[in-house]
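J.: These are the residues of each chain, in order.
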Amino acid sequence: MTDDDRGDRDGSGAGGFEDVEDSSDFGEVEDGLLEEELRQAAAALDPVPEALRQLALDAYALYDLDARVAELTFDSLLDSLPVRGAGDVPRMLTFQVGELSVDVEVGGDGLMGQVLPPQPARIEVLSGPGPGASLTADELGRFTGAPPPVGPFALRLHTGGDVVVTEWLRA
Amino acid sequence: MSSRTALRTAYDDRSYTRGESVERAEVGALVRSAVDGDAAAWKALVEGLGPLVWSVVRAHRLSDADGHEVYQTVWFRFAQHLGRIREPDKAGSWLASTARNECLKTLRSLSRLTVTDDPQLLDRVSEDGTPEQSLLDSEEAAAHSERVRRLWQEFDQLGDRCRRLLRVLMASPPPSYQEVSAALGVAVGSIGPLRQRCLRRLRARLDARGTS
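These protein sequence lines map, in sequence, to chains S and F. So the first sequence is numbered by this note's numbering: it starts at 1 and just counts up by one. So the second sequence is numbered by this note's numbering: it starts at 1 and just counts up by one.
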């Protein structure tokens with residue numbers, strides 16, 4: 001409520017009618033007109049940027065029924081206490097699907113992680129619909145890569161005959 | 001005057017019943033077609049729901065860089081989950097709440113980094129975002145674009161709650177109240193009354209400036 005009280009004061013000179021319940025059709029129509037005007041203003045002044053529209057169109061290439069999606073189950077950004085005065089602490093992420101989990105640390109100099117249960121894997125670091133940099137996890141499932149992802153990213157893991165993609169998130 | 005008449009006509013052409021407009025009824029069918037490999041259906045989803053996702057991003061006042069990344073992340077994740085969306089009819093709500101969560105996550109990480117002076121947070125409307133040049137071709141059109149500019153200015157100065165709600169409501173095509181609820185984390189039942197209050201407050205501000 002409080003953040004809207006400003007509007008009351010601003011509008012008081014104009015006769016404070018705006019908060020009077022007006023259930024008439026006229027009021028409804030007027031509301032609808034003003035909303036429609038806002039819609040046209042938004043379309044003109046603040047539309048979806050063309051580059052983003054194109055990226056969303058291209059994102060259809062990321063639709064892959066054959067891949068399993070490993071969901072984010074831990075994110076140190078959300079699930080741990082803030083670390084005072086330490087902006088360069090790596091971000092810890094855990095993704096999980098079925099029995100498989102992927103631990104990832106994203107730090108200033110790159111990313112490292114481990115596939116569990118331990119197993120070799122080919123890993124692509126995706127940043128969009130196109131192909132991504134390729135990494136290899138050793139027999140213990142450990143992998144490292146540089147540079148660190150910037151912006152949206154996901155890991156696509158090829159293990160045995162299986163393809164697993166981690167849920168998209170922002171680095 | 002004529003621009004106002006045109007607006008009235010445009011408005012009367014569409015259903016007053018939110019969430020039951022033709023566009024929204026098609027969402028479930030479009031999702032199912034996209035799942036079956038129909039790229040045109042995906043395109044229709046992007047055209048129909050992209051403005052809603054963008055509105056949610058804008059309603060949260062992220063910097064341009066953050067906003068762009070959130071927008072992409074939401075669509076990448078939607079594509080990734082496409083075949084697993086449990087209620088295709090509610091894809092709009094799925095997108096809206098995913099966008100909201102990403103926005104909140106961004107705002108939380110920003111406050112954690114104690115960034116206090118991001119200049120991009122201050123000014124939303126860039127100069128190159130002015131209405132199409134063709135609108136300026138006549139005096140009447142110039143008056144119209146001036147009104148649009150003032151409308152936007154007054155909207156932008158509303159209190160947070162109203163500004164956020166209206167920014168989501170003004171997505172095109174109009175979002176359903178379920179989608180607005182998902183976008184803002186407010187109860188569906190509170191949207192109608194709040195919408196009325198915010199629109200009338202905005203009109204009062206315009207009247208006070210003598211621009212209505």
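Just so you know, not all the hints are guaranteed correct.
[Unchecked claim] With beta-carbon atoms standing in for the labels, derived distance ranges:
1) T144/S <-> V188/F: 25 to 31 Å
2) A142/F <-> E71/S: 50 to 56 Å
3) P117/S <-> A40/F: 41 to 47 Å
4) D64/F <-> L65/S: 40 to 46 Å
5) V29/S <-> G83/F: 27 to 33 Å
6) D89/F <-> S80/S: 35 to 41 Å
7) A142/F <-> T73/S: 52 to 58 Å
8) L72/S <-> L110/F: 18 to 24 Å
9) A61/S <-> L110/F: 41 to 47 Å
If you're looking for bench data, these hints aren't it; they were derived computationally from the structure. From the three backbone atoms N, C-alpha and C, an ideal C-beta is built for every residue, glycine too.
J.: If a hint holds in the structure, say so; if it doesn't, say that too.
T.: Structure-based check of all given hints:
| no. | hint | result |
| --- | --- | --- |
| 1 | T144/S <-> V188/F: 25 to 31 Å | violated (48 Å) |
| 2 | A142/F <-> E71/S: 50 to 56 Å | holds (53 Å) |
| 3 | P117/S <-> A40/F: 41 to 47 Å | holds (42 Å) |
| 4 | D64/F <-> L65/S: 40 to 46 Å | violated (34 Å) |
| 5 | V29/S <-> G83/F: 27 to 33 Å | violated (43 Å) |
| 6 | D89/F <-> S80/S: 35 to 41 Å | holds (37 Å) |
| 7 | A142/F <-> T73/S: 52 to 58 Å | holds (56 Å) |
| 8 | L72/S <-> L110/F: 18 to 24 Å | holds (19 Å) |
| 9 | A61/S <-> L110/F: 41 to 47 Å | violated (31 Å) |
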